[in-house]
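Residue-level listing of the chains:
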Amino acid sequence: MKLTLRVWRQRAADTEGAMSTYEVDDISPDMSFLEMLDTLNEDLILRGEDPVAFDHDCREGICGACSLVINGDAHGPERTTTCQLHMRSFADGDTIDVEPWRASAFPVIKDLVVDRSAFDRIIQAGGYITAPTGSAPEAHATAVPKPDADFAFEHAECIGCGACVAACPNGAAMLFTSAKVNHLNVLPQGAPERETRVLDMVARMDEEGFGGCTLAGECATACPKGIPLVSITNMNKEWLRATRKAGKR
Amino acid sequence: MSTSSAYAHYTTGDPVVDTRAPEGPIAERWDKRRFEARLVNPANRRKHTVIVVGTGLAGGSAGATLAEQGYHVVQFCYQDSPRRAHSIAAQGGINAAKNYRNDGDSVHRLFYDTVKGGDFRARESNVHRLAQISVEIIDQCVAQGVPFAREYGGLLDTRSFGGVQVSRTFYARGQTGQQLLLGAYQALSRQIAAGNVEMHPRTEMLDLIVVDGRARGIVARDLITGKIDTYFADAVVLASGGYGNVFYLSTNAMNSNATAVWRAHRRGALFANPCFTQIHPTCIPRTGDHQSKLTLMSESLRNDGRIWVPKAKGDQRPPHEIPEDERDYYLERIYPSFGNLVPRDIASRAAKNVCDEGRGVGPGGQGVYLDFADAIERMGRAAVEAKYGNLFDMYQRITDEDPYRVPMRIYPAVHYTMGGLWVDYDLQTTVPGLFAIGEANFSDHGANRLGASALMQGLADGYFVLPATINDYLARHPRQGEVGPEHPVVQEVLAETEDRMHLLLAVDGDRTPDSFHRELGELMWEFCGMARTESGLRKALERIPQIREEFWRRIKVPGTGEEFNQSLEKANRIVDYLELAELMCLDALHRAESCGGHFREESQTPDGEAERKDDTFSYAAAWEFTGTGTAPVLHKEDLVFEYVHPTQRSYA
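Chains A and B supply the protein sequences, listed in that same order. Take 1 as the starting number for the first sequence in the working numbering and just add one per residue. Take 1 as the starting number for the second sequence in the working numbering and just add one per residue.
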């Protein structure tokens, strides 16, 4: 395959960026999108140009590092991570736009690499169960109904890639935050911190500069792990419940 | 020995005598050690700084636990977030001797299985402790909210894994590693928020600082700004994972690397059993030269899939056109009683053999069929889908082939490294104050790791073992004066690191970092992969110094060191692979026996089974660095088996 790439190039966080055009040839449909970019970068290095920086690591769809907006879609045309997108999803002769996540809470570091540390700070605000090592009771001391355990797992699948934020017209992080709130709040182990967790995580999310949710639903469409839109509704319920309980309203 | 490689002429030094493992009945040793260990007064702990490198299962759990105990932790990871460490990709599960199934499991059985599975090349005391702690790990993870699979009654589900006779594997669908890692990451996050852990993401360790014989800090590079800085502590913990990426293609994450352990080795830490690498039989084959990494599929597929290749060499027909009597179900043929369920190493070698004979399938003939046609006929498509649906989907996504209609193609790939920094019972390396945990050390798996045991070991080390043993070190070695950036040793290490970066940038040759990595990987795969021979290893030992020389002449790294520069990161890691690879080959050459994942063609039974030579090689080989390309010194730790009597495996 022969392709034209229009790639966002930005030297550093504090410099202006722009789209640059590159031609790549001999692309196999079996290549992953990132292997196609590897090919481009090998050429760029040998030509003495700066290769395109992008985040990637496991290349099997689970670490959440890869983060490209491809032809306007977070992770591209298929519902998967960028690393699991293959070139057979494109046609010979295509022109493909490649951009970083676009959100004010995810500033660009270089080219296609963005700073997602705001996600870590949301987790730090309450996305955990306080259970210091050694303090745990026997694992079977508390049975967890299977539907609750499955519900927790479905939300715990979030890989923290940030596609939800990149896809959202408001740059909101509601789906990411709700995934962790739902995972932990449904479990009996998470009950003691149920209220503080949702209040603190939502407050931190707002402080980080993520936008507000207008239920556009783009987040759930882009999510490679299928976290459902209803997670946000559930989190809003949790938040309302916690707020009332705290007597704030 | 006659070879042109001076490196092969190693010498043997003093044996490793003191492993610090307590004496007495094995089941009481861990209690004994913990009781003997000195403690640090809680009020004094915050005065102690511990550096932890890596945030996977071992590092994440260690950092969180040490901070909970009151130590000041300074932690590093090269990823943009501690949540992305490669433990996240582990699929199958985690073993624990809970005996919830009442199926005869016990701590002793898990201990026995692990020693035997490791082909009698692990230290009994450590393995027994691992089995004991396994039960506490599950309790800890459940308390953190790890969503393990559960039965309808709300209790935890377990399954049998890796040919073991008991159901002791806890799991969270095919994402057990992810869920366990997120549990550790969340515990770590809590400590970061509390100010007890100073987290440095996107920061890579480049060297170890040893002052007056003790590990006192590290040199690390901020991957965003490129700034190389020094960090100081009272103890340093390496939890930086394995070195499988020496092979270029592996199931490891792209950026997983050996720099932290190799640099520690260069500073005095012995490196043990580097040739013990595990090759996993059920990976998706490479499709071409563009391949950047390999993807593993759970070996549970072998429970129902049948493995075969055409009987005839070079048979190019599509699989459905090859009649039954022209197919060779070679595992069922060679190993009639175990069939497709033979252990990982045997299945891997058999696949290599049929491909070497020219009977492999798919691009480049590097693959064998894993066929579910019979299973679909026997169980029905729906049952197969319920059992393996997500794996089939993953396969189809990557290969664009429908495994319900066309047999899967699989091929072995490098997956895990049992070797690593030598550690004593306390997980301390031979550099006082330097500890190694998780895959970074060599301790518990011997020559072969059992399925679902890597997660167990990482969390045992990080949550329970290290936090107990490091107390003892810190209590016995109160701070011996400040070490700061002005210290002459620190200045020297920093200058060496900076020089190395400048040199990489200055060569400005005509070959990319990847081209060297690929060349080294292919060499290692051919000569130090699934089957090794003396002549092959000697060839590799001659070739590696040549590649190294060419590297420093022709490497091209664009950009500067004072910026985000992924090519520079990569090139620097290859510098270390080019040295580690040589040690792996030497270790494989010197160990003229087969054991576990190390198969020397000269040492096999008549039916092709690995033949151990316990009289000669019942030891861990701990190597001492003497200089780049110069012969290392071998220190042997003799292995004593008091509880599990060594036997030869047989699967015929």
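Derived by calculation from the structure, the hints in this document are not laboratory data. Some clues are possibly wrong.
[As the list claims (entries may be wrong)] Straight line, CA to CA, 25 angstroms or less: simulated SDA-like cross-link-like pairs of lysine to any residue:
id	chain 1	residue 1	chain 2	residue 2
1	B	K570	B	A592
2	B	K556	A	K146
3	A	K146	B	E136
4	A	K146	B	I547
5	A	K146	B	D157
6	B	K227	A	P137
7	B	K32	A	D43
8	B	K556	A	L46
9	B	K539	B	G364
10	B	K570	A	D115
11	A	K146	B	V384
12	B	K556	A	L40
13	A	K146	B	D472
14	B	K311	B	S292
15	B	K47	A	T130
16	B	K227	B	D508
Verification of the supplied hints:
1. For the suggested pair K570 of chain B and A592 of chain B, the alpha carbons sit about 33 angstroms apart, so the restraint of at most 25 angstroms is broken.
2. For a cut-off of 25 angstroms, the pair hint linking K556 of chain B to K146 of chain A is broken: about 55 angstroms separates their Cα positions.
3. In summary, the hint linking K146 of chain A to E136 of chain B is supported, as the alpha carbons are separated by about 22 angstroms, within the 25 angstroms threshold.
4. The straight-line distance between the Cα atoms of K146 of chain A and I547 of chain B is roughly 56 angstroms, outside the 25 angstroms bound, and the hint therefore fails.
5. The hinted pair formed by K146 of chain A and D157 of chain B meets the criterion: a straight-line CA distance of about 10 angstroms does not exceed 25 angstroms.
6. For the hint pairing K227 of chain B with P137 of chain A, the CA-to-CA distance comes to about 45 angstroms; that exceeds 25 angstroms, so the pair is violated.
7. Only pairs whose Cα atoms come within 25 angstroms are accepted, and K32 of chain B paired with D43 of chain A is rejected, the gap being roughly 60 angstroms.
8. In summary, the hint linking K556 of chain B to L46 of chain A is supported, as the alpha carbons are separated by about 8 angstroms, within the 25 angstroms threshold.
9. Simply put, K539 of chain B and G364 of chain B have alpha-carbon atoms about 24 angstroms apart, close enough for the 25 angstroms limit, and the pair holds.
10. For the hint pairing K570 of chain B with D115 of chain A, the CA-to-CA distance comes to about 21 angstroms; that is within 25 angstroms, so the pair holds.
11. Proximity of K146 of chain A to V384 of chain B is assessed by CA-CA distance (about 23 angstroms); at most 25 angstroms being required, the pair is judged to hold.
12. Between K556 of chain B and L40 of chain A the CA atoms are separated by roughly 16 angstroms; this keeps the pair inside 25 angstroms, and the hint holds.
13. Only pairs whose Cα atoms come within 25 angstroms are accepted, and K146 of chain A paired with D472 of chain B is rejected, the gap being roughly 43 angstroms.
14. A distance of roughly 31 angstroms separates the Cα atoms of K311 of chain B and S292 of chain B; the hinted pair therefore is violated under the 25 angstroms criterion.
15. A distance of roughly 24 angstroms separates the Cα atoms of K47 of chain B and T130 of chain A; the hinted pair therefore holds under the 25 angstroms criterion.
16. A threshold of 25 angstroms between alpha carbons decides the hint, and for K227 of chain B with D508 of chain B the separation of about 21 angstroms falls inside it, so the pair holds.
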